[in-house]
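From first to last, the protein sequence lines stand for chains C and X.
Here the first sequence stands for residues 1 to 404, numbered as in this note's numbering.
Here the second sequence stands for residues 1 to 404, numbered as in this note's numbering.
If you are wondering where the hints come from, they were derived from the structure by calculation, not from laboratory data.
Heads up, some of the hints might be wrong.
One copy or two, either will do: identical chains are not told apart, so a pair holds if it fits within one copy or between any two.
What the hints assert, rightly or not - Simulated pairs of lysine-lysine, DSS-like, Cα-Cα distance not exceeding 25 Å: (1) K13 x K218; (2) K266 x K198; (3) K341 x K13; (4) K266 x K9; (5) K341 x K8; (6) K3 x K32; (7) K99 x K200; (8) K298 x K39; (9) K29 x K298.
There are 2 protein chains.
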Amino acid sequence: MDKIGLLKKGILKHLYFNKQLSSADLSEKLSKSLPVVLKLLNELIRDGEVMELGYAPSTGGRRPMLYTLQKNVRYVLTVAMDQVFTKIGLMNMEHEFVKPVRRYDLRLADNPEALSGLEALIQDYIKINHIDGATIAGIGIGMPGFVDVEKGINYSFIPSGEHSIAEFLEERLNLPVYIDNDSSLVALSEYRFGAARKRKNVMVVNMSWGVGLGIIIKGELFRGNNGFAGEFSHIPIFTSNKLCSCGKTGCLETEASLLVLIEKAKEGIRNGKTTNLRHLSDTNPEEAYESIVSMALKGDKFCIEIISEIGYNIGRGLAILIHILNPELIILSGRGASAGKLWRAPIQQAINEHSIPRLAEHTEIEISTVGARDELLGAAALVMENFGKDRRKKKSKGTGIELI
Amino acid sequence: MDKIGLLKKGILKHLYFNKQLSSADLSEKLSKSLPVVLKLLNELIRDGEVMELGYAPSTGGRRPMLYTLQKNVRYVLTVAMDQVFTKIGLMNMEHEFVKPVRRYDLRLADNPEALSGLEALIQDYIKINHIDGATIAGIGIGMPGFVDVEKGINYSFIPSGEHSIAEFLEERLNLPVYIDNDSSLVALSEYRFGAARKRKNVMVVNMSWGVGLGIIIKGELFRGNNGFAGEFSHIPIFTSNKLCSCGKTGCLETEASLLVLIEKAKEGIRNGKTTNLRHLSDTNPEEAYESIVSMALKGDKFCIEIISEIGYNIGRGLAILIHILNPELIILSGRGASAGKLWRAPIQQAINEHSIPRLAEHTEIEISTVGARDELLGAAALVMENFGKDRRKKKSKGTGIELI
DNA sequence: AAGACTTTATTAAAATTTAACAAAAGTGTA
DNA sequence: TACACTTTTGTTAAATTTTAATAAAGTCTT
């Protein structure tokens, strides 16, 4: 794509994340001069992509014209995968679903056909909803596992050999495709639409069957050297000998995931603890978790207790994060955020006990309110994040050559 | 300073870190076009700051002219502080000392006069060595404690109230002053001159009386939100009840610093362990540490054992780092690096036991060879890192204003 | 050894930024 | 309330920078 095309996309990207901006705002965000920005804006208006919204109140001088996106010109196809289900939706430029989200069965574990299966689902969704490819900015896919975003490979699921999943789908679907780890996308949606907006250094904990971590550093998603950063679930901090799914012992996950919460609840019920909690489903952890939370929110002491235990353990992990990365904000997000402020006290307690006060007092703790929509929204953000970026990798040359 | 002045400084900065560069290299590093870079280079040559070095070998085309700095035109004043001593030196553009390094007594703990004391030392050094301020690019100071680089405040030592230490010294000395945490500077010098050159995501462990950590992320020193990132010493990962200097228990430092090594050695001697180690100084930990290392390097089994124990504990901490940040490289640096490869086996052992293999295998472990010069060198790098940067903070404006 | 391809340096053309100015509003003072 | 002064946006003109074109110097392939 040519240079000014990329710039126009850059404008659309910023308007996507900010709803309305003045030419001066865009000039600053794009590091381009006002004359250029205004020229491009007028072209975008002419093409029906952008519209004038009216004047903003003065901040002490002439009032700026505000610009916004035309709502129904471009869309993003979003995909959120977990171990058993794959959800697909279509969102407009105002972060709303314009076609109903569909939930497909697609098992990831030990499924050599996962990739072609995924392609078929997307094709199906496009076909059923009569989606015109020309209106699609791109496809964003969130998936569990070790994802190397740059190589486009998932080392845990969706085998694709040495080939890029993203490139494979791009060729088949003829649309830009971006993939990322689910926890990273939860973090991205908190950064763009949730409690982490405009913040620079934020840790987003994805409380779920494991404990994921999305890291925002200097206003960008940080993925580490191979895209594996944020493996919070498996930091070794316990001396109990519980075996973890990863083969080690002492992982945070063995004492602090929602699955552990369910285990504790079941054990309590077996041991005749005083609680209103009744039988919990063995096959549907989602349901079991929601029962525990709703009981806890109604004041059930046992449920509150076990949630506190989990929270305290999470807090121990967070204390380590605070020491190493000194973030301004930690957000508890993902499925587990529905327990809301029940987490706050035990987490804060653990942080107080295990951190240097000067550090802890500079880090806020927030519970996410964006919730379960997070991952599909994050996948959409992933697409728009890359909108207006040149995908071609520039070859790096060595410097400091020998003198002849 | 005007724009082209900053650009020229930018050229000098890159030549400082790279010795010799072609115009094409500089064009890429500065994101400026070749014609501009060549114009500026010619001006710098005319002013006697830069010289042509000759042609580099061809890489398949016309040979590029290489440029380098004139050696004795500009200097950097470097200061490295620890709890009791302050070292000051003067370095040229080839990272060599041009005046002897002087060691001054300056106690930091509970010293309300530390700041004026520091100023006096620098004044003294300038005076004694007849240094012409006009030739100095700036003053870089490394110091222990919680340092907020942006505010220029050290919250642990060198009380300056709410005022900036850097600005205070700048006014008094009439030279640009930059301060930073000692471990950050060790990391910076590894990044610029040591094993971390050209790497993007590197953790540099500063093995000393505590365990510091300097974090390089995306090719830049990462300091966290308040400059407190890298408090590796106090991550809570042990269940032993040893009280730490910070008031908590279980800190890495209580089981993994060089002071602990000395303690273990003394205890061993008291208990009559088989070792060639004799009496260790109670007042000079530096000397005690060096005795242990030299014995270990000669093959003393007991010394090797206790070094291994410390190494293993460090490794446990590193395993956590690897999970969270997925670095490409971890460097063991600082005072403790003199034990060299003795660290390697126990650290690797701990990492193998406590990390997911897929993660661990992507992270190299290196022992620093730069060694004790690190901190003064890092302070010089800090000055040049900021050379050619506009120091004025641009005021950030809010976006997304309401529509009228 | 000739022609195709690379890379750097110089120059000319195109594009962008900066600066200057005009327009529209707020602020302060008599 | 009128009028001068400051602030901020939008437009036009001048200056600068970048991109493209071209020349120069060298490597590589057949």
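>> At most 25 Å between alpha carbons: which applies to K29 and K298, within, between, both or neither?
In response: neither (47 Å within a copy, 60 Å between copies)
> For K266 vs K9, is the C-alpha pair at or below 25 Å within one copy, between two copies, both, or neither?
Replying inline: Neither. Shortest intra-copy (52 Å) and inter-copy (66 Å) distances fail the 25 Å Cα cut-off.
> When no copy is named, should K341 and K13 be tagged within, between, both, or neither for a Cα gap of at most 25 Å?
Replying inline: Answer is neither: 34 Å inside a copy and 50 Å across each miss the 25 Å cutoff.
> When no copy is specified for K3 and K32, does a C-alpha distance of 25 Å or less occur within a copy, between copies, both, or neither?
Replying inline: both (13 Å within a copy, 17 Å between copies)
>> Checking an output row: K99 and K200, CA cutoff 25 Å. Within, between, both or neither?
In response: neither (33 Å within a copy, 42 Å between copies)
> Is it within, between, both, or neither for K298 and K39, if the alpha carbons may be no more than 25 Å apart?
Replying inline: neither (58 Å within a copy, 74 Å between copies)
>> I want to check one pair: K266 and K198. Are their C-alpha atoms no more than 25 Å apart within a copy, between two copies, both, or neither?
In response: neither (41 Å within a copy, 52 Å between copies)
> How would you classify K13 and K218 at a CA-CA limit of 25 Å: within, between, both, or neither?
Replying inline: both (19 Å within a copy, 23 Å between copies)
>> With identical chains, the pair K341 and K8 could be close in the same copy or across copies; at 25 Å between alpha carbons, which is it: within, between, both, or neither?
In response: neither (42 Å within a copy, 54 Å between copies)
Of the numbered hints stated above, those contradicted by the structure are hints 2, 3, 4, 5, 7, 8, 9, listed in ascending order.
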